[in-house]
Structures are given as structure tokens and as C-alpha cells.
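Visitor: Please model the complete structure; the sequences and the hints are all you need to start from.
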Amino acid sequence: MAFSSNLNWIPLWSALLTVFVTRVNGIDIYLDWNVSVTDGLIPLLEDEQACLYHLSLQPMNGIQQRRNSWQDGVSGTNCPIKPIKNWTYVFQMKDQIGTFFYFPSINFLKASGGYGPIRVNNRDNVPVPFPQPEAEFDLLIGDWYAGDYKHFRKMLETEESAYDVTPDAILMNGMGPFIDSDSLWYETFTVEKGKTYRFRISNSGGTLSLNFRIQSHTMLLVEAEGSYTNQITLNSLDVHVGQSYSVLVTADQNDADFYIIASPKLLYATGIAGVGILHYSNSTTLAGGAHPSGPDAFDLGFSMNQAKSIRWNLTTGAARPNPQGSFNVSNIALSQTFILQSSRAEVNGQPRLVVNNVSYFTPDTSLKLADHLTNGTGVYELDEFPVQSVNVDTSYGTSVVSGNYRGWIELVFQNNMDDMDSWHLDGYSFFVVGYGTLRFGNGHWTPDVRNTYNTIDPVVRSTTQVYPHGWTAVYAFLDNPGMWNLRSQTLKNWYLGLQLYIRVYDPDPNPAKERPPPENLLFCGLFESQSLAPARHRHLNH
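Residue numbers (mature numbering (1 follows the signal peptide of the UniProt record, and there is no 0)): -26 to -1, 1 to 516.
Since the hints were made in silico from the structure, they are not lab data. Keep in mind it's a predicted model, so treat the numbers as computed, not measured. Don't take every hint at face value.
[To be verified] Calculated cross-link-like contacts (lysine-lysine; reagent style DSSO-like; alpha-carbon spacing at most 27 Å):
#1 Lys59 x Lys124
#2 Lys56 x Lys128
#3 Lys68 x Lys487
#4 Lys128 x Lys59
#5 Lys124 x Lys56
Guide: This is the structure:
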């Protein structure tokens, strides 16, 4: 899916379908759907065939939905699209460029597939900070469970051991690994010797962080989730769950075929790797032999040092001509700090994951709908969730907290588990200012570690990794009013309760501040019987 950021409002038509699955070499392969959107876009009508198929709800991961959380595509902002029904998303790619992807957001459906890439291109008057590549390739890498996702989902709800089940494969654009010349379904990219290509890479899986590399080729990192980075040359790149990058690859080897590898991090299992092929157009030599080795899968030092080396390009323009660095965190005043400690726990006899000992409970009613109609009454209690402490007892809760409009917030993600995690904030990009881990003696965040933050050129993105028994700190400027999901991108963590919502409230009813509900607003839960959206009213501030 490619967008040009000088477009205005972009409608997308969505429908519920059953995921098509086919068996190839013992691996379940999904089919995803892509939509190309260019200048001069004509709005899509419901009876047109150019469409993006959805599975209940479909967020655009990393797209900020400025002033319009009604279009965010998660359970807290949208009622689910019912089977055999359709719904039109209308949203604006405002002040964004970059590499993103979409996926199903509810009922563990992401494990079944149904996701694809999104590109948001620079406007014509804002040059990219590198020579125009010969072509661009979208590459979704991610882990895959071959069994019925509904069975796995049920196991997670009842069996603690299910949490540690290892994925069966790593796919590239939904295709299984290249094994030998007889492999039928694998991803391949054809290049011409001497030319440079842009690979837009996203980890669309649900469990594993992956190390990405191309045999005998280096990569020049240029972009991370809508931010142009300082350009660094890499032999391999760690891509954590939910993250996206752009790298430039020059076909500077002799004509041949070369392995493209995505291998898991922090996993003892061997033989699980995504394998594709970089094919030179004049190649007569098949890829063969051992796969190119990457860094030690358990080398957290390599991973963290690489993460710290990914920094924001302060001088280039992106969505706008002015330099990215004209908006920075070198001298800000924080208005809020949330310290979010995640761990495994048992709640009412069920295996769950908790944030500050609260496991998120998903109500039948959309939070945004309840906020609009009843100020949340009957659906959630604002600010009941502890943002800086851990409850004594574990419990379920529909966690909604206040974010100070146009204030700076510090989010500290404290991972008390043995596994890598990733966290994402809808509606915003954040500045990743610091990391720590027990492995290096600073596994528990304290205010003193602020002295170690990078506030000069931290990378700006929407998904960040959190190392096992470690922490990650980010800053975000809450200038986008709405109801915004803050979640673990690790699918089983998200499903088992690692999420909450930040309600960023502006009392001004001017639609220039926040858009009113769409005309095709869906109703559910307490408001299932309503058919038309009421006139927008001015909310009471809780």
C-alpha cells in the first residue's frame, strides 16, 4: 500500500472475510491484500472492487490518525465490523512519511494472517536524504504458528505452558523458507548489478524478534517508522515485533543468487529461519551452502548497542521541508511520568499478563463510543489504573488514564519477564531516550537513570523493544486528542492483558482540534440498538 503524503482524505473500504490458507511444504501460507494509492485518488465506493479486506478491525500500525482516533481500528476506538459487512475508514496521512503495515487487531486474528505493507512517500517538494533507488521492495518478516490460531488462543487462556510454545516457521511476505532449488514457495527479489534498492522491512509477526541480513551485502539504514535516521552501514539489523525500517542495498557482487535471512533472537531452537533469495538478473548460480551467520542470538550487548546507534537525522526534512531536529527533546519540561511494570501472573485462576498488576479487560462497548455518549459511564472508570505504582493484588481492569493535552509524557516500560517485548503507542511517535537491562547492571529504572538518556538525537518511532528484565524510556508530546491504545506488540502479551488506553482530552469542541464521529459510526455493547450517531456534544472532563 503506497501513499503520497500530499493527499488529503483517504478512504479505504473494508470487509470481513475468512483468511485463505493453503498448505505448501507443510507450512501454512496466508494471502494478504495490498492497495496502491497514488496522486489523484478517487474515493472508493462500497461497490468498487479496489479494496482492502479487513478481519473485524484493522489498525494501520504507526499511522497517527491525527485528530481522529475514531479511525484507529482497535477495540477501544471502534466497534467490530460484523461478518459479511463492510465499513469505510477515512483518514489523513498528515505530517507523516515512512514505512508501516496493517494487521487484524482483535480476537487474536493477527495469528491467522491478513496483514500487508504501507508506504507513505515524501511530498514532491521534500527530497529524500539519499539518491533515488532503482526500485523499492516491501518485505514483511514474521513468525508463524502452523496450527489453528483459535486452538492456540484457547490454550493461552487456560494453560500457562502455552505461553512458551515456539513458532513453527518464519515467513517472508507470507512465504516459507527457501530450502533448495525444488522449493516451490519462497520470496525472491530480482536486482540488477550495480543498482541500489530500498528494502522496507517490517516485523509483522507476533512473538519473535528477528535479525535480518543479506548474504555478502551490507545495508545502509535510512529510515525507522517515519523518521529518517543517521545513515549507518550494517551487516545485520535487529527488527523487533511491530517495528519497521528502510535500508538501502547495493547489488555490488558478481551475478549470482544470495540468501536473505531472518533468524530469531533469544531462541534456543535451531533450524527456524526465514530464508529468501536476492537474485541478480543475470545470475546462473543458485544460492547454496551454509546460511550467512549473524550475531549470537543471545548477545543482548550487540542488540542494545545497535539500538543506541540508531539516531535521528536532525538536518533533513521528512513530512515537511523543515529539519526533523527543529522539534526535539533537548530542553523539555515533563508533565507526566507513567512507570509500567509488566509481568506474568494469575488472575482469578487464569494465566494472564499484567501491567502494574492489572490485566486489561476488553468491554463489549468501544471506549471512544462510551466516552462520546456517556463520558465513559458504565464502561470504564477514568484514572483507576495506577500509573506509578504496582497494585498489591492482581485484577482485571478496563484501564483508561488521562494524558495531559499538549504536555510531555515520559513512559517507562519495565519488563520483568524472561522474554523480549515490544511496546507501541497509537496516535503518536515517541522519542526513545534510554534502555537498560539486568544483564548490564541497570535492569530496574529509577529517576537517576535520566542522566543516561540521549536527549540530543534519539530516534523517533512508534514501537520500541524492551529487553528481558530491563526497561525502555520514551518521551511523547501529547498534541493529538483522542483515545489512544498503548500496548505490547507481542501478540500473546497483548491478548493476555498487556495494554491500556490514554485519553488525551481537549475540551474545545472545534473539529479542528478533534474530528466528530464519522457518519458511518458503528454501535456495539451498551449502544448496540442505536443506528445513527448523535450530534457531537461537549464532553465533561472527568
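Visitor: Does the structure keep Lys56 and Lys128 at a Cα separation of 27 Å or less?
Guide: Distance of about 21 Å is within 27 Å: holds.
Visitor: Is the hinted pair Lys68 and Lys487 satisfied, with a Cα-Cα distance of at most 27 Å?
Guide: holds, 14 Å
Visitor: For a C-alpha distance cap of 27 Å, please report whether Lys59 and Lys124 respect it.
Guide: holds, 22 Å
Visitor: Hey, Lys124 versus Lys56, does the alpha-carbon distance stay inside 27 Å?
Guide: holds, 18 Å
Visitor: Does the alpha-carbon distance linking Lys128 and Lys59 stay inside the 27 Å limit?
Guide: Cα-Cα ~26 Å, so holds.
The earlier numbered hints are all upheld by this structure, with none contradicted.
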